[in-house]
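Visitor: Given next are the chains, with one letter for each unit.
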Amino acid sequence: MIETPGQTIGPFFGFALPYAGDSQLVPPGHPDAVQFSGLVLDGDGVAVPDALIEIWQPDAEGSVAARAGSLRRDGFTFTGWGRAATDNSGRYSFSTLRPGGEAPFIAVTVFARGLLHRLFTRAYLPGYPPDGLLSSLPENRRRTLVALEEGASLTFDIKLQGADETVFLRFDNSSD
Amino acid sequence: MPTIPGVANTPPSSVKLASQEAINAEIALIAGGYERGSQPESHPRLDYLPYRSSAKRCPTNDLYRTDPELIERTAPVFGQQDVGPFDSDLTVQHLGAPIGERIVVTGRVLDTDGRPIAGQLVEVWQANAAGRYIHVRDQHQAPLDPNFTGFGRCLTGADGSYSFTTVKPGPYPWRNHHNAWRPAHIHFSIFGRAFSQRLITQMYFPGDPLFDYDPIFQSVLDRRSRERIVATYDHEVSSHEEHTGYRWDIVVGETPMVNR
Ligand SMILES: [Fe+3]
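Chains A and B are the protein sequences, given in the same order. The opening position of the first sequence corresponds to residue 1 in our numbering, with each subsequent residue numbered one higher. The opening position of the second sequence corresponds to residue 1 in our numbering, with each subsequent residue numbered one higher.
From chain A, some residues computed to sit far from chain B (all C-beta separations above 10 Å): (1) Leu-39; (2) Pro-129; (3) Glu-149; (4) Thr-155; (5) Asp-157.
Pairwise CB distance ranges, derived in the manner of DEER restraints: (6) Arg-143(A) <-> Ala-22(B): 38 to 44 Å; (7) Ser-63(A) <-> Ser-238(B): 44 to 50 Å; (8) Val-136(B) <-> Ile-2(A): 33 to 39 Å; (9) Leu-95(B) <-> Phe-15(A): 16 to 22 Å.
To be clear, the hints were calculated from the coordinates, so they are not data collected in a lab. Ideal placement from N, C-alpha and C gives every residue a C-beta, glycine not left out.
Kindly produce the complete structure, drawing on both the sequences and the hints.
Guide: The following block contains the structure:
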């Protein structure tokens with residue numbers, strides 16, 4: 001069957017898609033909570049205040065949670081999924097757990113006004129041996145996929161266009 | 001990377017907006033180039049300059065092909081606790097009934113093999129019957145409707161089906177170019193069985209006279225793919241003295257394989 005094409009999220013999702021607790025995969029007071037945050041920037045380095053970022057990640061042991069309850073969070077269940085709209089300064093922020101695994105990363109989806117179709121990328125934790133994807137990239141592109149870690153914060157800026165453009169991914173064999 | 005001088009993300013009022021004729025000419029030029037190509041493109045072009053806001057927001061590198069890891073071959077899970085019983089009826093969210101043509105939009109979420117995506121989250125949002133969003137940044141002069149928010153969600157059934165009761169949204173103006181109007185549409189947010197099947201799109205109504213003038217609709221260059229975002233009027237979905245009915249199936253991308 002022919003796939004349904006994507007279309008831009010547009011500027012007016014703010015009353016609909018964000019919801020209370022959307023960006024808190026764990027409560028910020030959780031002993032293992034980390035802040036995963038960054039800026040979304042356009043080709044001029046200007047902040048994108050109308051982007052929506054979603055994350056999907058394994059738990060601290062590297063397992064896929066596969067549990068419901070992301071929209072009405074109970075404060076105890078780690079579902080591995082979250083959503084955050086950027087603020088007026090183009091910043092998104094999640095409260096989450098460090099993902100586990102051999103080359104751990106947080107899978108990221110980017111939507112924005114001006115972006116006709118969603119983008120996928122990965123935010124790797126620093127300090128692990130590079131996996132297949134990272135190894136295949138030249139150094140200047142590889143570093144766009146690695147978060148900066150400082151204490152309990154992981155910083156991952158997303159550059160839609162330009163010199164330090166983030167590597168965006170596709171997983172299929174189509175021309176998409 | 002093609003650029004258009006003087007085009008910012010949101011054109012300041014001092015920037016002269018392009019005419020509809022100029023936008024149509026750009027649309028026709030790109031469409032002509034596509035017809036001569038051979039590879040069908042199932043999704044919109046990211047660098048599609050008739051949609052001015054894409055100029056500084058589209059990546060210039062090709063998407064980088066990689067094998068999906070386990071997390072990318074799975075999808076977030078939603079359950080009944082996430083969705084309220086009235087979330088799929090946008091006409092009962094306030095004290096009174098909203099103004100507008102009452103419609104039901106229904107269909108199935110499927111993969112490219114036609115298998116249903118069961119128990120998965122569908123979210124919709126839209127303008128009211130006058131073409132106005134409740135969003136604070138929508139300054140269109142059309143009235144708000146105190147009885148309409150324009151947001152709904154539901155989980156798909158075992159057969160992948162979803163259904164929303166709502167009112168038909170109106171077309172609305174935007175500042176992409178002079179006299180720019182969006183065809184009436186409902187925004188849809190869809191999850192598949194894998195992270196890579198995540199989709200946000202827009203559903204349009206059949207026969208809309210604004211299709212030819214809209215760069216967002218036209219950014220899908222393949223005609224058969226473009227037809228996929230237009231719903232069908234379905235008299236079987238219409239209900240006696242209740243509402244008219246539209247049917248729209250949504251097909252998410254292939255489940256990714258690992259090609260090692
Ligand atoms: Fe819209």
